[in-house]
Amino acid sequence: MPTLTFSEKLSRFIVNSVFMMLVWIAFTSSFATHELIVGALTSMIISYLSIRLFTCCTISIFNPVKIFYMIWYLFVFLWALINSNLDVARRVLTPSLPINPGIVKFKTKLTTNYSKMVLANSITLTPGTLTIDIVDDTFYIHWIDVKTTDPEKAFTDIAEQFEKILLKIF
Amino acid sequence: MSIMEIIGGTFIIIGSIFLFLGALGIFRMPDIYNRLQAGTKATTLGGMSLILGVGFLEPSWMMKMIIIIIFIAYSNPISSHALARAMYKRKRYPLILSEDKENMDAYSEVNPHEKEEVKS
Amino acid sequence: MTIIITIALSFMVLGFIFSAIRFVKGPTAGDRTVALDTITTIAVAAIVLLAYVFQRFIYVDVALLYAVLGFIGVIVIARYLEGAL
Chain A
1 MPTLTFSEKL SRFIVNSVFM MLVWIAFTSS FATHELIVGA LTSMIISYLS IRLFTCCTIS
61 IFNPVKIFYM IWYLFVFLWA LINSNLDVAR RVLTPSLPIN PGIVKFKTKL TTNYSKMVLA
121 NSITLTPGTL TIDIVDDTFY IHWIDVKTTD PEKAFTDIAE QFEKILLKIF
Chain B
1 MSIMEIIGGT FIIIGSIFLF LGALGIFRMP DIYNRLQAGT KATTLGGMSL ILGVGFLEPS
61 WMMKMIIIII FIAYSNPISS HALARAMYKR KRYPLILSED KENMDAYSEV NPHEKEEVKS
Chain C
1 MTIIITIALS FMVLGFIFSA IRFVKGPTAG DRTVALDTIT TIAVAAIVLL AYVFQRFIYV
61 DVALLYAVLG FIGVIVIARY LEGAL
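Protein chains in written order, with the working numbering: chain A, 1 to 170; chain B, 1 to 120; chain C, 1 to 85.
Since the hints were derived computationally from the structure, they do not count as laboratory data. Incorrect hints may have been included.
Said to hold, decoys possible - Here are some, though not all, of the chain B residues that point toward chain C, as calculated from beta-carbon distances under 8 Å:
no., residue
1, Ala-23
2, Ile-66
3, Ala-86
4, Lys-89
To be verified - Keeping only pairs whose Cα atoms sit at most 27 Å apart, straight-line, the calculated BS3-like set for lysine-lysine is:
no., chain 1, residue 1, chain 2, residue 2
5, B, Lys-91, A, Lys-107
6, B, Lys-91, A, Lys-147
7, A, Lys-153, A, Lys-164
8, B, Lys-89, A, Lys-107
9, A, Lys-109, A, Lys-153
10, A, Lys-153, A, Lys-168
11, A, Lys-105, B, Lys-89
12, B, Lys-91, A, Lys-116
13, A, Lys-153, A, Lys-105
14, A, Lys-109, A, Lys-66
15, A, Lys-168, A, Lys-105
16, A, Lys-66, A, Lys-168
17, A, Lys-66, A, Lys-164
18, B, Lys-91, A, Lys-105
19, A, Lys-9, A, Lys-105
20, A, Lys-164, A, Lys-109
21, B, Lys-89, C, Lys-25
22, A, Lys-168, A, Lys-109
23, A, Lys-164, A, Lys-107
24, A, Lys-9, A, Lys-66
25, A, Lys-105, A, Lys-147
26, A, Lys-116, A, Lys-105
27, A, Lys-116, B, Lys-89
28, A, Lys-153, A, Lys-107
29, A, Lys-109, B, Lys-91
30, B, Lys-91, C, Lys-25
As the list claims (entries may be wrong) - Pairwise CB distance ranges (calculated):
no., chain 1, residue 1, chain 2, residue 2, range
31, A, Lys-168, C, Ser-10, 37 to 47 Å
32, C, Ile-17, B, Met-4, 24 to 34 Å
33, B, Ile-70, A, Tyr-69, 11 to 21 Å
34, A, Ile-14, C, Ile-3, 49 to 59 Å
35, C, Val-53, B, Tyr-74, 21 to 31 Å
36, B, Thr-10, C, Ile-17, 22 to 32 Å
37, C, Ser-10, A, Ile-61, 37 to 47 Å
38, C, Leu-14, A, Ala-32, 37 to 47 Å
Beta carbons: idealized from backbone N, C-alpha and C, even for Gly.
Same shape as in the complex, but just chain A (with noise of 0.2 Å):
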C-alpha cells in the first residue's frame, strides 16, 4: 500500500468519483436533479472513504492522448477477443483435440499494480493464453500451444501489441 501526498489523493479523489457517477447514472438511467445530486453526494462518500485501496490512475487520465489510447487498446483487444474465440471453436470441434499445453514466463516493463492486472486480464482473453500468476514483473502463463519456451520469444508473441499502448496509457 503506498502512502500518497496530498495532491495525489485529491487527483484520485476525483477520478474515483467521476468513474462511481459514470455507473451511476449508468444504473438509474435517468437525469432527474434529485438522482443526480444523491449520486454525487453517494459517489463522494464512497470514493473518500475507498481512496487508499482503488488506485487506479491520477487526474493526467483524461488527457485526450490517453483517451484516444484507450479506445485504441480497445479495438485490439476486441479483435484478440474474437480471434481467440475462433481458435477455442476451433479446438474444441476438432475430433483429435490439437492441444501442446505447457507453462512459460516472461518479463514486462510495466510497473504499477492497476496496468500489471489490466494486462493480464487481457492476456486471459487472447487466443490460447491463461495467466497462471505475477511475482513482481514476471508473468506466468498457461499456454495451450506452446510455440517458444523462450522468455524473449514468448513476450512478442503474446504481450508485445498490449504492452506497448498500455506503457503509453500508465
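Since chain A is already given, all that's left is putting chains B and C on it; use the hints.
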C-alpha cells in the same frame, strides 16, 4: 422485422453458439488448465454478445446491458486466474504432452514440485 | 423472433447439460468450480434473454446480482482451495 431486430437476433445466435462451445470445451478438454482456457474465453464473448443483442432489441435497456457486459469482461478472467493459481498450489500440475518436460513448466521455479500428488 | 429465441435457448440448454455433466464427473474440486462458473455465466445470459421475452426490466437486475454473487462465490472457493482463507 426491422433492422434492429435483425442485428439483435444475429448477436443473440452468435452468443448462444459461443456459450455452447465453451461448455463443450469444458466437457472435452483433458485437464483443468485447458478447461479454464476454453471456458473463460468462450463464455465471456458468448455472454457479452448475447447481452448486447438483447440491448439492440430493446434500446432503452442499453445502459444496464453495458454495465453487465463490463462486469462480465472484468470478473471472468479474474476468477479463472484465481482458480488456476489455487489449483497449482494444490499440486494439480498441468498435463504436458511434449518431450521436453523440464522446460515446459516455468512456474515450478516459484512452487517446486513435490513427489506425491495430493488428491483433492 | 420466436424462432431465434427458441434456437438460442436450446443451445444454452445444451451447454448447461455439458457443464452439468462436468460438474457431476469432477474429478477434482477445481473442475467442479470451473463448471459452476460456466453455469453462472450461461444463467446470467439466460435471465437477460428471458427478461426480454417476458418484457420485465426488473429481471435484468436479478441477472446483474447473480453475476456479482457468482463471481464472489468462485473467488471464495478459489481462496479456500489455495489455503489462504
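Hint numbers not upheld by this structure, sorted from lowest to highest: 2, 19, 29
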